[in-house]
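Line by line, the protein sequences are chains A, B, C and D. Quick note on numbering: the first sequence equals residues 16 to 426 in the working numbering. Quick note on numbering: the second sequence equals residues 16 to 426 in the working numbering. Quick note on numbering: the third sequence equals residues 230 to 563 in the working numbering. Quick note on numbering: the fourth sequence equals residues 230 to 563 in the working numbering.
Check each hint, because a few of them may be wrong.
What the hints assert, rightly or not - A partial selection of chain C residues facing chain B, derived with a Cβ cut-off under 10 Å:
#, residue
1, Val251
2, Phe280
3, Ala293
4, Ala297
5, Glu323
6, Arg328
7, Asp334
8, Lys370
9, Asp390
10, Leu415
11, Thr416
12, Gly494
13, Met561
The set of hints was computed from the structure by calculation and includes no laboratory data. From the three backbone atoms N, C-alpha and C, an ideal C-beta is built for every residue, glycine too.
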Amino acid sequence: MSGVGKPLTLNVPEPECRPGDTPDFTDFEIPRAGAVARPPVDVAADDIRDMAFSIVRVLNKDGQAVGDWAGSLTPDDLRTGLRHMMTLRTFDARMLNAQRQGKTSFYMQSLGEEAISCAFARALEPGDMNFPTYRQAGLLIAADYPMLTMMNQIYSNAHDPLHGRQMPILYSAKAHGFFSISGNLGTQFVQSVGWAMASAISGDSKIAAGWIGDGSTAENDFHAAMVFASTYTAPVVLNIVNNQWAISTFQGIARGGVGTFAARGHGFGVASIRVDGNDYLAVHAVAKWAAERARLGLGPTLIEYVTYRAGGHSSSDDPSAYRSGEEPGAWPLGDPIDRLKQHLISIGEWSDERHAQADAEILSDVVTVQKQAEAVGTLGDGKAPSPRDVFEGVYETMPPHLIRQRQMAGY
Amino acid sequence: MSGVGKPLTLNVPEPECRPGDTPDFTDFEIPRAGAVARPPVDVAADDIRDMAFSIVRVLNKDGQAVGDWAGSLTPDDLRTGLRHMMTLRTFDARMLNAQRQGKTSFYMQSLGEEAISCAFARALEPGDMNFPTYRQAGLLIAADYPMLTMMNQIYSNAHDPLHGRQMPILYSAKAHGFFSISGNLGTQFVQSVGWAMASAISGDSKIAAGWIGDGSTAENDFHAAMVFASTYTAPVVLNIVNNQWAISTFQGIARGGVGTFAARGHGFGVASIRVDGNDYLAVHAVAKWAAERARLGLGPTLIEYVTYRAGGHSSSDDPSAYRSGEEPGAWPLGDPIDRLKQHLISIGEWSDERHAQADAEILSDVVTVQKQAEAVGTLGDGKAPSPRDVFEGVYETMPPHLIRQRQMAGY
Amino acid sequence: MTMIEAIRDAHDVAMGGDNRVVVYGEDVGFFGGVFRCTAGLQEKYGRSRCFDAPINESGIVGTAIGMAAYGLKPVIEIQFADYVYPAYDQIVSEAARLRHRSNGDFTCPIVIRMPTGGGIFGGQTHSQSPEAIFTHVSGLKVVIPSNPVDAKGLLLASIADPDPVIFLEPKRLYNGPFDGHHDRPLTTWKKHALGAVPEGDEIVPLGKAKITRDGADVTVLAYGTMVYVAETAAKESGVDAEVIDLRSLLPLDLETIAASVKKTGRCVIVHEATRTCGFGAELMSLVQEECFYSLEAPIIRVTGWDTPYPHAQEWQYFPGPARVGEALKQVMEE
Amino acid sequence: MTMIEAIRDAHDVAMGGDNRVVVYGEDVGFFGGVFRCTAGLQEKYGRSRCFDAPINESGIVGTAIGMAAYGLKPVIEIQFADYVYPAYDQIVSEAARLRHRSNGDFTCPIVIRMPTGGGIFGGQTHSQSPEAIFTHVSGLKVVIPSNPVDAKGLLLASIADPDPVIFLEPKRLYNGPFDGHHDRPLTTWKKHALGAVPEGDEIVPLGKAKITRDGADVTVLAYGTMVYVAETAAKESGVDAEVIDLRSLLPLDLETIAASVKKTGRCVIVHEATRTCGFGAELMSLVQEECFYSLEAPIIRVTGWDTPYPHAQEWQYFPGPARVGEALKQVMEE
Ligand SMILES: Cc1ncc(C[n+]2csc(CCOP(=O)(O)OP(=O)(O)O)c2C)c(N)n1
Ligand SMILES: Cc1ncc(C[n+]2csc(CCOP(=O)(O)OP(=O)(O)O)c2C)c(N)n1
Ligand SMILES: [Mg+2]
Ligand SMILES: [Mg+2]
């Protein structure tokens, strides 16, 4: 029984389904919509421990909004949300295609995860600040950031606000509550906590929101964020988007064999909630709850959005090499756009016709904007940012050695 | 109720007692000895969640060993343990004094925490590997590592096995299951997990033990260790020594306002236990339990030892600047040596006379060894390691540029 | 063979020959790495010899140090060199120091592989060349191949080495040699002599540079992608330049370098990394220390600028054949 | 005033003048830092302006970046420069890049203070001089004072600076000037002219070196503790050396350096950091780029060796006045 002398073996978690296998989500426990109660915002973190192991859901399979968490949004709000998600999806499709046509170098889409960023954006107040990853473009769409500016950035053309310095989609939009995206995973998570601490130090009432992917929770910045957020009771909402995959690596490698990502909050006494990430209403309601908690000085909330990355990791990725092509279709939480559409239809506030019409309008809008952007330029074609811009902005004032180098470079 | 517009404030945790205040530990919950049951080693981590919020204790205030966790040691074992702890304390006192006399540059003692390393060492098997901090010299004492070698290291004299390269007490003793101590906090914690993974990869039966201080749990390596240990079910025991202080910083800054350090394991589904660190029997029993668990392939255990750093942080530190001088005396879990001594007396296996005699013998042994070490040399006096040794061992084979530099240096 | 295949082959040979060799990193297991350098190894050697790691570079290196202390020989991948910074503490404070601080009680024979350099429109976080932050650290070795033959041979030598090795893979060379003319058709390793990678466990020793082009008038010191750029610049500028592929930056083959500069009397140093405190500064210092009285003109550095690696202006940043050619002419004029 | 008091004073002036200045780090709050550089600030400005941080260097820098993005001006302490490595990613990939990658949408005016250098028997983890891993990074400034007057003035300038500044404090100078003669009695700043720190908010601008000793025959480039060592070596060797205290490594006062070397025709560079790829390599490169035709002898570097900083053999490692003096004589002989 002591194990002395008995050979050990290494446990390496593997997903149940690889290319050729049939996806089977029967072990994936999904509580009924409405089953998880909504606690008061000043609840003690430890009293809602079970919420890290359940899933807050509002929309049931008939498209009805049920339970405590329902009712935070009007039909107008919901139609706006639907439009945001549809816009994001159309935008993504067009841009991914533009990348394939060689108009830019790279693209990453939010396919299947649109509800999260789109609904979350609507739970914040002006002046609050998101620290996003590359998969939260919905925060910009839902904050009415100009699509044209996004495209100019993606094309690295002369109107790119970042002057061609950054890869596509690594936007920065302070006035829209959107922190400059880093290519380095995880770093922004603890920065969001610092921003929130600064708000508290300044006696301000603004809150911050940190974002991280399931795979990236393994990064050390996750720990730093949790330590600082819990110690200083920072007014921050910490969001984990669990879309099941980190490039080719399934979430079990970051999560370990047991528990949930939300449960990571328990070691820090942080209120932790799991939510159906494909349910616009649930995402919005939980985000609102957490934002209110932060704003009242009650401290951080850790939210895990349970969702699925329906597309490739990026334009450089081919998921068929490591997961079953049937998996996206088998994903049991459905599609966020379809679900919100069905809900609106079921409450008599939407129809298939209006939906088709909206789709057409959105496509036409996106195409119009795309033409404007392309008229300026695409990567390597048309009006481009200046090489001089590479030297500008490294410092506020260009130091002598950079001036020399710029001159050597001939700009 | 929404908090919009209400000014936030930064919460900065403060200890209840600073110099001039009277220590008050009445809020510090201490379960009765024997109150926490001993689960089977294959218990599911989640089923012992409460153990991270309680404290396993064996010795009650009358010095009796009570409850499920008692009985793992014979009176001979206990006398050996007592001797180890007394030796460590005497060794520390002499070396701290030698530092004050200018015989070396620096020293760190284990005062008040002797039970943890001394008892833990006796729960391992030959070939297992500790990844210690600077406050686990008891692992060496209890593994019968020669005190003379330790002193030679402390004095950086010609017989120092580390050739004067390292600061005092940063021992390395592979054959005694003791990994080279780093001056950088936390790094060893994740290395211990790697060592354990290697054992499992190799089909070996050896286990590793990682060590970290309460303050250092805030370091990111803590997270890395937990992620890898949980994902690969590594055969490792992860030890947090919560001695309440990290230099001048009380444990609340690392821990945040709620929870315990042991609870950090819950987010990873890792079995987590809190134990009375000043109770030799409790430490040994819990360590044995965790080691067995690891050896059986049941994965990591996170143990928090609740103890108190009775002395200064190091020879460079004066704790009276930041904590009450009465605090060490008011610490409610008592002194580990006194408690084990009382237990042995209460079961008729020891006496005040034998204790006094043992004390005298130990002192005489330590003094004898100290004289031997000092006869070789102390820092800057007597036989010293060679300057050439600085260049040796950077690589297995000295590369040309280092040979050139060694020659320039004249060695 | 491409450089990717050569690296894969080196892994295969090393794992086949020594079961202490274990391979892991982000996406390294089932998928075989985002550049596919470890494809097929998990299938062949099992999940406990080649596996996916959590996205935690510091943990990847930290666990590798523990494994090495146990007695294994981990070969780990950092997905891009730009992502090695989180692991810098474990590399500098631990891997590099372990042998010395323990007086050989513990050692750290690990290889940390990472794709380096730009030229793929990867922007500032997929293009960096951080060699200088490793060459400054005593206890590390730093290796960078420029072709499939060297990639395999140097990787085998690195795995065999008893000390920690930073193994930088110029990603722009993975699929073919690249001379900096980004607007010309791609070429592949198939047609290149150095694509003919020998079978088996032939190593290329660390610390030996290679003269890839003989010349009389100026010595060009280069490594990685810049080797081809330098060769091309020499050809195109008409300057009779001797090009040295350093192959290993630490240990450095100063003998070969000094002999060449003493012969030519002139020196141009080329690297893609930012200029200030880049490895070029060390090369320049060594050359002036060793060859001062032979130098007929100031040594010139051609490097990346002291800015982040830009996305759209990639080719203005990249020290291409035009810039190197100008430097060659300039050094001849002085 | 000691250098510690000067640093404390700079904090006080900055915090008093601008409530966006916040100060934190390990043991920085109640206790005032292990070197006491922030003593009294928490009491004076309250716990939300000066506080203890968890032991997580990466988190300290990461939160400071967030605070700076909000609009505060964090001044943070890393307890020893040897412990900055865990924060390297946040510094390099984030603080240094933020302004550029967001085109000024967000900026990062933070000061990262850290005690640097050896001479206190701190062994390999309390003695390091990591300046070169920061000077290689575009977007950072790197400052290192050598006396109380400069410490205060440069720290005030760093806090006022709109970009991230690495502020290295030579701990061997905290309590008094130190010329490398470790066997002689200590002196204090009290008796030294540069201990007379002006009151108020007088800044010493970044990017301006200072000639601390005029000389005709050789230029010595030094910073931090090495300034005194160099001055002493000049005195003791009898070589008529001009000593330049660089004060700021990035931006660097190349003008002053080049003017001096052009005058003297000879140059010795001194630093405590390990040799290979140290900042001395960059200095040597710049001097040979700017002054090639004025150089009458090879430039010499006197540096720490490429080994960990040893405990017992500290003074064999430390580039003391004897070694610098020898270099001065050697450079004169060539
Ligand atoms: C520090 C760092 N390490 C590795 C990478 C390479 N990388 C980019 S995205 C990615 C996977 C991230 O997965 P996840 O966090 O789950 O986010 P998702 O892409 O699923 O939204 C990896 C490994 C990186 N960008 N930064
Ligand atoms: C990476 C790093 N940061 C900071 C330090 C400085 N330091 C040395 S000990 C210490 C406190 C550690 O406290 P804790 O982990 O509680 O251990 P204890 O000393 O109480 O045993 C600090 C901050 C260090 N050695 N390494
Ligand atoms: Mg993911
Ligand atoms: Mg402690």
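The hints, checked one at a time:
1. Val251: It holds, given that the least Cβ distance between Val251(C) and chain B is near 6 Å, below 10 Å.
2. Phe280: Phe280(C) check passes; min Cβ-Cβ to chain B is 8 Å, inside 10 Å.
3. Ala293: holds (6 Å)
4. Ala297: holds (8 Å)
5. Glu323: holds (5 Å)
6. Arg328: holds (6 Å)
7. Asp334: holds (4 Å)
8. Lys370: holds (8 Å)
9. Asp390: Given a least distance of 8 Å, the restraint on Asp390(C) holds.
10. Leu415: violated (37 Å)
11. Thr416: violated (36 Å)
12. Gly494: violated (23 Å)
13. Met561: Hint violated; Met561(C) Cβ to chain B Cβ min 30 Å, cut 10 Å.
Comparing the model with each earlier hint shows violations of hints 10, 11, 12 and 13; every other hint is respected.
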